[in-house]
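**Student:** The residues making up each chain are set out below.
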Amino acid sequence: EPEVTQTPSHQVTQMGQEVILRCVPISNHLYFYWYRQILGQKVEFLVSFYNNEISEKSEIFDDQFSVERPDGSNFTLKIRSTKLEDSAMYFCASSLRGDSPLHFGNGTRLTVT
Amino acid sequence: SQQGEEDPQALSIQEGENATMNCSYKTSINNLQWYRQNSGRGLVHLILIRSNEREKHSGRLRVTLDTSKKSSSLLITASRAADTASYFCATDGGNFGNEKLTFGTGTRLTIIP
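Chains as they are written, first to last, in the working numbering: chain B, 4 to 116; chain Z, 55 to 167.
Take the hints with a grain of salt, since some may be wrong.
With a straight-line Cα cutoff of 16 Å, these simulated EDC-like cross-link-like pairs (lysine to aspartate or glutamate) come out [unchecked claim]: (1) Z:123 - Z:107; (2) Z:154 - B:62; (3) B:81 - B:102; (4) B:45 - Z:61; (5) B:45 - Z:59.
A short list of chain B residues far from chain Z (calculated; beta carbon distances all over 10 Å) [unchecked claim]: (6) 59; (7) 72; (8) 109; (9) 116.
Keep in mind that the hints were calculated from the coordinates and are not lab data.
No residue lacks a Cβ here, since even glycine has one placed at the ideal position from N, Cα and C.
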């Protein structure tokens with residue numbers, strides 16, 4: 004069964020550094036998402052992406068965050084200047100249509116020191 | 055309570071017993087979904103129920119939805135050790151599609167062999 008893959012599985016970075024989290028969505032899916040989960044807390048929506056543009060974003064997704072689909076397969080989340088509170092599991096997801104179930108990757112654990 | 059609150063927060067049962075988890079939400083919805091998360095992994099979609107449906111089955115899973123009470127329940131029958139995981143409900147807030155799912159706090163289910 005097709006999977007959403009994310010790399011790296013764990014990223015450690017120093018405060019103020021830029022990080023790029025990478026995702027390969029399922030190939031025929033058209034909608035892409037980033038969610039995050041701070042340890043022990045809820046899974047929170049960050050951003051959705053469709054037709055090469057952001058379709059919706061949350062309050063968390065401020066100017067420090069950006070997403071890109073640089074080619075036909077990758078979908079990236081960039082955090083320009085990481086803060087301690089950005090430490091979390093970041094999940095990429097994709098869906099075939101806007102109202103179909105989401106398929107999640109296994110996440111990237113980001114630790115900001 | 056916040057949007058998407060599951061109860062109980064934790065549930066331990068003997069293998070073979072049935073497990074029931076509940077979810078309450080606040081806004082209108084088009085659909086409600088249930089996801090499972092094994093420790094350290096991504097979320098796996100289990101079942102989607104639309105706002106005009108009252109009950110849905112998938113294998114050992116049974117989901118009910120009461121839009122008048124803004125609540126849903128997930129029943130897992132004949133539980134197995136492999137069902138040990140966290141279970142989350144997710145709502146779309148009445149928006150078209152899944153662009154901004156709101157997840158609940160989750161129920162941690164432990165099946166005792």
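**Student:** For residue 72 of chain B, is the shortest beta carbon distance to chain Z beyond 10 Å?
**Tutor:** Answer for residue 72 of chain B: holds, closest chain Z Cβ roughly 16 Å.
**Student:** Is the straight-line distance between the alpha-carbon of residue 45 of chain B and that of residue 59 of chain Z 16 Å or less?
**Tutor:** Holds, at roughly 10 Å.
**Student:** Is the Cβ of residue 109 of chain B more than 10 Å away from each Cβ in chain Z?
**Tutor:** Since the minimum Cβ distance to chain Z is about 5 Å, residue 109 of chain B lies within 10 Å and the statement is violated.
**Student:** Does residue 61 of chain Z sit within 16 Å of residue 45 of chain B, going by the straight-line distance between their CA atoms?
**Tutor:** Satisfied, since the Cα-Cα distance of roughly 14 Å is no more than 16 Å.
**Student:** Are the Cα positions of residue 154 of chain Z and residue 62 of chain B separated by 16 Å at most?
**Tutor:** Measuring from Cα to Cα gives roughly 12 Å; hence the hint holds.
**Student:** Take a quick look at whether residue 81 of chain B and residue 102 of chain B sit within 16 Å of each other, Cα to Cα.
**Tutor:** The given pair, whose Cα atoms are some 26 Å apart, is violated under the 16 Å limit.
**Student:** Once the closest CB in chain Z is found, is it more than 10 Å from residue 116 of chain B?
**Tutor:** holds, 20 Å
**Student:** Minimum C-beta separation from residue 59 of chain B to chain Z exceeding 10 Å: can you confirm that?
**Tutor:** violated, 5 Å
**Student:** Tell me if the straight-line CA distance from residue 123 of chain Z to residue 107 of chain Z falls inside 16 Å.
**Tutor:** Given pair residue 123 of chain Z, residue 107 of chain Z holds - Cα atoms ~14 Å apart, limit 16 Å.
Of the hints listed earlier, those the structure fails to meet are numbers 3, 6 and 8, in rising order.
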